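Trainee: Could you build all of it, start to finish, from the sequences and the hints given here?
Chains A, B, C and D are the protein sequences, given in the same order. Per the working numbering: the first sequence = residues 21 to 382. Per the working numbering: the second sequence = residues 21 to 382. Per the working numbering: the third sequence = residues 21 to 382. Per the working numbering: the fourth sequence = residues 21 to 382.
These are computed hints drawn from the structure, not numbers from a lab. Model, not experiment: these values are computed from the prediction. Hints should not be assumed to be uniformly reliable.
Identical chains blur together in the list; that is why a pair holds if it fits in one copy or across any two.
[Claimed, not checked] 30 Å max Cα-Cα, derived BS3-like pairs, lysine-lysine:
| # | residue 1 | residue 2 |
| --- | --- | --- |
| 1 | LYS113 | LYS345 |
| 2 | LYS296 | LYS163 |
| 3 | LYS296 | LYS83 |
| 4 | LYS251 | LYS345 |
| 5 | LYS83 | LYS306 |
| 6 | LYS285 | LYS235 |
| 7 | LYS382 | LYS86 |
| 8 | LYS296 | LYS86 |
| 9 | LYS235 | LYS259 |
| 10 | LYS296 | LYS64 |
| 11 | LYS196 | LYS345 |
| 12 | LYS192 | LYS251 |
| 13 | LYS251 | LYS168 |
| 14 | LYS235 | LYS345 |
| 15 | LYS259 | LYS345 |
| 16 | LYS24 | LYS296 |
Protein chains: 4
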Amino acid sequence: MNSKIQVGVLGATGMVGQNYLRLLQNHPWFEVVYLAASPNSAGKTYQEAIAGRWHMRENLPAKFAKIVVEDASQVDKALGKCQMVFSAVEMDKHSILAVEAEWAAKGFGVVSNNSAYRYTDDVPVLIPEINPEHLDILAVQQKQRGWKKGFLVVKPNCSIQSFMIPIYALIKAGYKIDKMIVTTLQAVSGAGYPGPASIDLIDNIIPYIGGEEEKSEIEPVKILGSIKDGKIVSNPDIKISAHCNRVPVTDGHTACVSLQFAGRKPEMADILRIWKEFTAEPQERKLPSAPIPAIVYRDENERPQPQKDRDTGNGMAVTVGRLRKCNVFDYRFSGLHHNTVRGAAGGAILTAELLVARGYVK
Amino acid sequence: MNSKIQVGVLGATGMVGQNYLRLLQNHPWFEVVYLAASPNSAGKTYQEAIAGRWHMRENLPAKFAKIVVEDASQVDKALGKCQMVFSAVEMDKHSILAVEAEWAAKGFGVVSNNSAYRYTDDVPVLIPEINPEHLDILAVQQKQRGWKKGFLVVKPNCSIQSFMIPIYALIKAGYKIDKMIVTTLQAVSGAGYPGPASIDLIDNIIPYIGGEEEKSEIEPVKILGSIKDGKIVSNPDIKISAHCNRVPVTDGHTACVSLQFAGRKPEMADILRIWKEFTAEPQERKLPSAPIPAIVYRDENERPQPQKDRDTGNGMAVTVGRLRKCNVFDYRFSGLHHNTVRGAAGGAILTAELLVARGYVK
Amino acid sequence: MNSKIQVGVLGATGMVGQNYLRLLQNHPWFEVVYLAASPNSAGKTYQEAIAGRWHMRENLPAKFAKIVVEDASQVDKALGKCQMVFSAVEMDKHSILAVEAEWAAKGFGVVSNNSAYRYTDDVPVLIPEINPEHLDILAVQQKQRGWKKGFLVVKPNCSIQSFMIPIYALIKAGYKIDKMIVTTLQAVSGAGYPGPASIDLIDNIIPYIGGEEEKSEIEPVKILGSIKDGKIVSNPDIKISAHCNRVPVTDGHTACVSLQFAGRKPEMADILRIWKEFTAEPQERKLPSAPIPAIVYRDENERPQPQKDRDTGNGMAVTVGRLRKCNVFDYRFSGLHHNTVRGAAGGAILTAELLVARGYVK
Amino acid sequence: MNSKIQVGVLGATGMVGQNYLRLLQNHPWFEVVYLAASPNSAGKTYQEAIAGRWHMRENLPAKFAKIVVEDASQVDKALGKCQMVFSAVEMDKHSILAVEAEWAAKGFGVVSNNSAYRYTDDVPVLIPEINPEHLDILAVQQKQRGWKKGFLVVKPNCSIQSFMIPIYALIKAGYKIDKMIVTTLQAVSGAGYPGPASIDLIDNIIPYIGGEEEKSEIEPVKILGSIKDGKIVSNPDIKISAHCNRVPVTDGHTACVSLQFAGRKPEMADILRIWKEFTAEPQERKLPSAPIPAIVYRDENERPQPQKDRDTGNGMAVTVGRLRKCNVFDYRFSGLHHNTVRGAAGGAILTAELLVARGYVK
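Mentor: Structure (structure tokens):
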């Protein structure tokens, strides 16, 4: 236990915070020792603070029950107790910007689920399989913000992992992608708790999720961008259009993707081989949460399905299926990932593991 | 009653057949007097034949209960009893081709829900608002097949109405559409009864419907085609790519559409105006089943929704929403229609009304 | 229009209020002319007040859009504008008690959906088919409260109609019921908006609804009670035990009922005949909302079902099925009613119609 | 591997058969070496036989893929290959009676999921925590049927475990139960594949499951019976009435139970203590599939829930909640168990483990 890295969870009482505790309860590298939330919860044990609103299917892990929850905005209390925090605070954007900066300024590594910093050019938006080298910006970030040891890394929106990892595998193999039209069928857990009303999703789908399409179009091109002149610059060559729908599924976001290559086009067999062989830094470094394989292709026509495929690779793999020619672009396929694992807390934990492996957290 | 046109329903015991009876029970022009189905049902009253498998939410209309069901392949029995039949027989493709041709050969107007004849170049695939002039091919059809009075018209697959009518409104207004990428979220009633197993659509979506993508790509371009040299020739200028998904919705197919114009592009306001003002032959002729308006645009972000919009215009209107610029093509929107009404029996009834109005059935 | 009775809806922006407007838009006797809600909505047109939270499947009726909403606690503003109000205000119990009394004190007939007054012995809890004669208590109510013209009548909880009307039919036919064990499977609309979170009712049922079992046990025996010494006294002879569950159904509460008679027991055929022939004051007076028949028995094993039976009699009838011997008590059956129509606004409107027919409102 | 007991699965391609393979793939005592199904599947590898109809969420375990499926009615082929078979053959009752008897006659221990033999007085219907001593009837069974080594044991219907284990705990503690009224809310997986049509369980419940109420009333009293004069005699003192409903849940049957004691009645605290302390032969013998604890009581009002509680104890525990006084009987509560694990294949495997532990299979 002593040799584990002590970590905190900010926003520990929310849905994402609960998922962190669920996923970190037996983590080989990290020990959650610090829980923070809003002032309402501060001073209560976690068990008291969460009473009546623990929404995970598993029981609350006993080891967290007695931890006294702190106020997430009182950073000094955490000094000496943990080195890194996972931030899932629920505040207005302005407050998140301030609070997360303060944690970093006081020396903590911050891995955030919030969207507040995703569009800031010295803050990396990380999918560890895709852009681990964006972590190089942290030196710039620390320098220009005067942070000595602390830093800030964010994970992207939960709507994009199912297509970004398969797409990146093709890019890594040397193909250029030009245009993508993506329609997502997103699970209700992506909306936090309580999320959509039951009456609105019985015998229904909702063809809109506020802000989701913009995030699904902007974040990918930053992730596929590069560092230039001390800034992360989005990839100017890829255009994405997203239609985001809410469907009556608990967990698991599906994406229907049509894509067009610029220049050389792979054969269908090339794509299947590239996906099958895809491996990246998390797999190569054997990070504890890295799924092996990262991409699972299903041959059956009617896969991937949320119910059957979301837990593949402990919820960290992306499942792909239905690769076929597109009548308008070059190819189309369906992708699926577990939105609260790979798309949220799990993705952030994998990022934290990468930070440890690359020496940013000791 | 005497002045109504006597019609028959072939395949009357299936789901589409049941929908015909539901929709035709109080029709002002048509009186259902003839019911036919498989040899198993022949000789029984409709009530006996349907026992335990009437799946409509409304009760079986009493007027049909006592009609004795005939064998759909024994055409002669219908002679003198009705002039037109709605065909929803469930047979293999070869048998459907033979049976429907025999009905037409013996002088009946046949309006079919089956896909068997959809790709035959002297058979019109009709959406009455879009291609009523394709009925001109019937003269050719009758001549080359030696049919004197009978004819064969088919309605298209149930997956396309939600986008075809809005798209056609733009074409009619003088714009050319080049490319469309469409993702559908289709209701289970589209699969007939029993359709998908409940266990496969609780907490799940299925990213595949056999044959549906091909139909959704091929039929639209025939409908948007023209008659040349005695054949209906598909429109060569429009390319459609379809991703078809099954979702846990009883009725109402949703389509997420991205589209690109060739040449001149309308402004957003133009499109809204065109949709608002759209009217076509069924509306102008005041056909009994014609929805007025045919297209309803909803301003709310989260519409159209199956639960709230499928019954618009008695299930015959198309509801559209979320018109916005597309990041990749020109525009995108969501469309919805009631798949078992506008997309199946209702669409065929509107076609039959058009046939009467144009003088093909007297 | 002038000859209609002018009515108001208190709590017009809530779900029950919206249902009132939906059901009353074309009512032959009542014209909604007054809408009141919380101070937040006061001064806005109804359309403005309801923006983004109109949850009915039908559109907002145009005639109500421009009515300026008043503050429900400012009773004087309504003087001279309407004679009767439907109260669905959402306040704490104490405030409801005060506000509804003030409306009655100022001369308005008040028909309330709230539970606040249900357990008060001079306030009738009405199911018009069962206890219309409980309206006789209104003379006492007015006298002891010093109300001259105004009065207060309430409708019971939405969980009981599906079994109370069938049970009462048997009682009316001369049988005594001793004990009932009832398990309800209740729709989410019963919880108002937003009601249960979608994530809690996908692939799930919830075996608890706060307060619902108590209401389902106490209210029936008051309804089956009698007036003695100026009080409504609950029937001491019937014992009910209720298990209330929430299920993923939009509308329509199902009840599984086992019942035991005291003394003489009917044959199965007697029960079926009694239900078939059942008629009561609303039917006999031909009240506009009275379903004819009030009870519909379905012979099919697998009925009643929410999806197929909730709209029977415009949502005002009770559908019953599966009558069979009980292994422990005498008989068992399943009953179903539409919880937001018969169980809420529709039931209150029928009560108001009875009040008019009996001369309490002129 | 060599030291494991070799077992077969009859009906291996059906849903229950698939569940056996899923649950037995890593079993410490049993090795599945023999798969049998209908003549259609015979001669194919299991992978070929199951193509397109493997319905488990996990992938087909690789170790079973290449096993060649045999015809379940050709018993001789299994001689020397396995000692015990799990029977989930899907045939008419008459054929099941014959086939299962032949397997037993030829020396195999047969543990059956079928209902065919449940009402035969020399065949034990086993819930291992409740009536392990009913295995004593096997000596009688073998003697009167002339079976030397083989025998036949069956598991009960999947609808009863959620209430039978909690009820039995009270009986074991010395209380007598007189009457029970039970309403079940049953998951669709209980109906096999495909089971109910999706369109019938979206926005709906079905208040009927063919044969299920009778099984839920008759089997419990046999299980609670005793051996007298070489026969298992049902307990004459307990009366059960069951209302069985199908609800849109994948896995997990819920029961709402009202019960009455004869004679001495426990206090609420007694019941909670008895459930908490309950342990039985499977727990005491530490059988591999025995859940410890066997009964989990949840204090939260809104539990048990299928989604959150079905996997408790690897799907083998019963979760109970909402214990409270009954208005009509003495107490009521809700119980839940995983119907395809505890209620089907898992329950049968636990029975098989008991048979090994008691020396019936070596």
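Trainee: Are the hints correct? Go through all of them and say.
Mentor: Each hint tested on the structure:
1. Only between protomers do LYS113 and LYS345 lie at most 30 Å apart by alpha-carbon distance; the minimum there is 27 Å, versus 42 Å within a single protomer.
2. Within a single copy, LYS296 and LYS163 get their C-alpha atoms no closer than 40 Å, and across copies no closer than 57 Å, so neither meets the 30 Å cut-off.
3. When the C-alpha separation of LYS296 and LYS83 is checked against a cutoff of 30 Å, the pair qualifies only between copies, where the shortest distance is 22 Å, while the shortest distance within a copy is 39 Å.
4. In this homomeric assembly, LYS251 and LYS345 come within 30 Å of each other (Cα to Cα) only across copies, at 29 Å, whereas the closest approach inside a single copy is 37 Å.
5. For the identical chains of this complex, LYS83 and LYS306 are neighbours both inside a copy (27 Å) and across copies (27 Å), given an alpha-carbon limit of 30 Å.
6. For the identical chains of this complex, LYS285 and LYS235 are neighbours both inside a copy (28 Å) and across copies (27 Å), given an alpha-carbon limit of 30 Å.
7. Taking the shortest Cα distances, LYS382 and LYS86 sit within 30 Å of each other inside one copy (27 Å), while across copies they are farther apart (49 Å).
8. Taking the shortest alpha-carbon separations for LYS296 and LYS86, only the inter-copy value of 23 Å comes in at or below 30 Å, while the best intra-copy value is 45 Å.
9. Both within a single protomer and between protomers do LYS235 and LYS259 lie at most 30 Å apart by alpha-carbon distance, with minima of 13 Å and 28 Å respectively.
10. Taking the shortest Cα distances, LYS296 and LYS64 sit within 30 Å of each other only across copies (29 Å), while inside one copy they are farther apart (48 Å).
11. Taking identical chains as interchangeable, the C-alpha atoms of LYS196 and LYS345 lie at most 30 Å apart whether they share a chain (17 Å) or sit on different chains (24 Å).
12. With identical chains, the CA atoms of LYS192 and LYS251 are at most 30 Å apart within one copy only, with a shortest distance of 22 Å there and 49 Å across copies.
13. Proximity of LYS251 and LYS168 under a CA criterion of 30 Å is satisfied intra-copy only: 19 Å inside one chain copy versus 77 Å between copies.
14. Proximity of LYS235 to LYS345 under the C-alpha cut-off of 30 Å is found in both arrangements, the shortest distances being 27 Å within a copy and 16 Å between copies.
15. For the homomeric pair LYS259 and LYS345, the shortest alpha-carbon distances inside one copy (19 Å) and between copies (13 Å) are both at most 30 Å.
16. Within a single copy, LYS24 and LYS296 get their C-alpha atoms no closer than 34 Å, and across copies no closer than 36 Å, so neither meets the 30 Å cut-off.
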